[in-house]
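**Q** Construct the entire structure; sequences and hints are all you get.
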Amino acid sequence: MTRGELQRLADEDLMPLVAREDPLAFEVFYDRQAGAAYSLAYRIVGSRTAAEDVTQEALLSIWRSGARFDRARGSVRAWTLGIVRNRAIDLLRKESGRSPKLAAGGEELLERTPADELTDAEALRRETAREVRGAIKGLPDDQSRVIQLSYFGGFSHSEIAEMLNEPLGTVKGRMRLGMDKIRATLAEAW
Amino acid sequence: MIGDHPDRDDLVAYSLGALDTREASAVEAHAPSCARCSRELEALAPAVAVLGESVEQLEPPAELRERVLAIVRDDAEAKRGAAREPQATTRRERRGLQGFLLRPAVGLVGLAVVAAGAGGYFVADIGGGGGEATVPVVAERGIGGTLAVGEESSMLDLHGLKHRLTGREVYQVWVEHGSGVQPSSNFIPDGSGRAMTAVDGHLGNGTKVMVTLEPHPGETAPTAPVLLSATVE
Chain A
1 MTRGELQRLA DEDLMPLVAR EDPLAFEVFY DRQAGAAYSL AYRIVGSRTA AEDVTQEALL
61 SIWRSGARFD RARGSVRAWT LGIVRNRAID LLRKESGRSP KLAAGGEELL ERTPADELTD
121 AEALRRETAR EVRGAIKGLP DDQSRVIQLS YFGGFSHSEI AEMLNEPLGT VKGRMRLGMD
181 KIRATLAEAW
Chain B
1001 MIGDHPDRDD LVAYSLGALD TREASAVEAH APSCARCSRE LEALAPAVAV LGESVEQLEP
1061 PAELRERVLA IVRDDAEAKR GAAREPQATT RRERRGLQGF LLRPAVGLVG LAVVAAGAGG
1121 YFVADIGGGG GEATVPVVAE RGIGGTLAVG EESSMLDLHG LKHRLTGREV YQVWVEHGSG
1181 VQPSSNFIPD GSGRAMTAVD GHLGNGTKVM VTLEPHPGET APTAPVLLSA TVE
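Protein sequence lines, in the order shown, are assigned to chains A and B. Read left to right, the first sequence gives residues 1 to 190 (this note's numbering). Read left to right, the second sequence gives residues 1001 to 1233 (this note's numbering).
Please note that the accuracy of each hint is not assured.
So, partial list: chain B residues that the calculated Cβ filter (under 7 Å) puts toward chain A [to be verified]: (1) 1018; (2) 1020; (3) 1041; (4) 1045; (5) 1047; (6) 1054; (7) 1066; (8) 1190; (9) 1227.
Label pairs and their calculated CB-CB ranges [as the list claims (entries may be wrong)]: (10) A:158 <-> B:1077: 46 to 52 Å; (11) B:1220 <-> A:8: 53 to 59 Å; (12) B:1021 <-> A:188: 20 to 26 Å; (13) A:142 <-> B:1226: 21 to 27 Å; (14) B:1150 <-> A:7: 38 to 44 Å; (15) B:1224 <-> A:159: 28 to 34 Å; (16) B:1062 <-> A:162: 40 to 46 Å; (17) A:140 <-> B:1063: 51 to 57 Å.
To spell it out: a stretch of chain A is covered by chain B in this simulated footprint if at least three of its residues, at any positions, have a beta carbon under 8 Å from a beta carbon of chain B; those stretches are [claimed, not checked]: (18) 77–88; (19) 156–167.
Quick caveat, the hints were computed from the structure, so don't treat them as lab data. Note that the structure is a prediction, hence the values are computed from the model and not measured. Backbone N, C-alpha and C fix where the C-beta goes; we use that ideal spot for every residue, glycine too.
**A** Here it is in structure tokens:
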């Protein structure tokens, strides 16, 4: 299959070719997913070098594991980012003395992909992401904080409760309320 | 259905990866057989997934793309080469059946593993009569692990490796038979310096498995010092 034909495949249809160890299919997969993977890794680990390491490890693990993607369990993007998140959180936990970045904004300004280079699908994803980012920023601080500590920091709810000196039930309730609002924003965006 | 329904707060916490291990295990034991909890987790999944996409989107460095894709292409090339190798092995085995090249007897008599460290070597010997043997390896420099030798393939499980590789560096496994040294798998350790990699094929008596850190994948013979070796005896 040519690069042009591969580029016309949906993410879910590309993965069986990656699983068959087609390097050109992986290249197309990389070009679609690496930006989001690197961005999430950077958000969690907070440095370019570590984000590169995490992204490389995560994407190569997909290549070397035979790309065990199950379309019944979500999108390729969600699956990939789940792997990236796990790798990044592992790194955070292993490197003692490092704490997750908690601020929603203020990331170091890096090169951005120009808007005119984005595919329609990617542009839509980014628009949705922008709306969700707005929804997260619009959450009450206490809800946003517990979600960020768990998702981007890798802390368990009991660790968060201890950290914030709040009852466990309060922390879990804030997670639920915050996630309900994000779901509502998603439902409107879709 | 196994166990009681987790409450909704716990399902949300589970979807965020925020439950403690014991609580997460309880959800995982219960949810697959519970339509209600499965539906709730499925409904939560897109909201969790979009959290990962909600971060500011950055452009990864071009060097990262070059590095990853070079490794992928080299992997693919190595696997194409490995796919051709079994045909040769089959031919050799046929010759062996005719008495030209006999395979070693099934089962291991012993396995010696030598790990090169900064200040010397550590040697471990075990006896064994089964189809698989596992040997712990410790080196003064901190590199260690095990080599589990099986009938059809073996597994190297290593730790203490350099995890932040530079350029196109890659760890390369080599297998030395009587006829020479052949490249086997290559690998990149995870962030903690651990790696597991398969060594395909039967490792007969006298076969030596070695690991080097090569400046780039695709070498056909070691160009760097041997960091660890294991000899099947």
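**Q** Evaluate each hint against the coordinates.
**A** Evaluation of the provided hints:
1. 1018: 4 Å, holds
2. 1020: Holds, because the Cβ-Cβ distance from residue 1020 (chain B) to chain A comes to roughly 5 Å (cut-off 7 Å).
3. 1041: Status violated, d = 10 Å.
4. 1045: 5 Å, holds
5. 1047: 5 Å, holds
6. 1054: 4 Å, holds
7. 1066: Result: violated, 11 Å to nearest chain A Cβ.
8. 1190: Holds, because the Cβ-Cβ distance from residue 1190 (chain B) to chain A comes to roughly 6 Å (cut-off 7 Å).
9. 1227: Cβ of residue 1227 (chain B) sits 20 Å from chain A, so the hint is violated.
10. A:158 <-> B:1077: 46 to 52 Å: At 48 Å between Cβs, range holds.
11. B:1220 <-> A:8: 53 to 59 Å: 37 Å, violated
12. B:1021 <-> A:188: 20 to 26 Å: 36 Å, violated
13. A:142 <-> B:1226: 21 to 27 Å: Because 56 Å falls outside the window, the suggested range is violated.
14. B:1150 <-> A:7: 38 to 44 Å: 41 Å, holds
15. B:1224 <-> A:159: 28 to 34 Å: With a Cβ separation near 42 Å, residue 1224 (chain B) and residue 159 (chain A) fall outside 28 to 34 Å, so the hint is violated.
16. B:1062 <-> A:162: 40 to 46 Å: 43 Å, holds
17. A:140 <-> B:1063: 51 to 57 Å: 41 Å, violated
18. 77–88: Per the Cβ count (7), the hint holds.
19. 156–167: Our answer is that it holds, as 4 residues pass the Cβ test (under 8 Å) against chain B, meeting three.
The structure shown violates the earlier hints numbered 3, 7, 9, 11, 12, 13, 15, 17.
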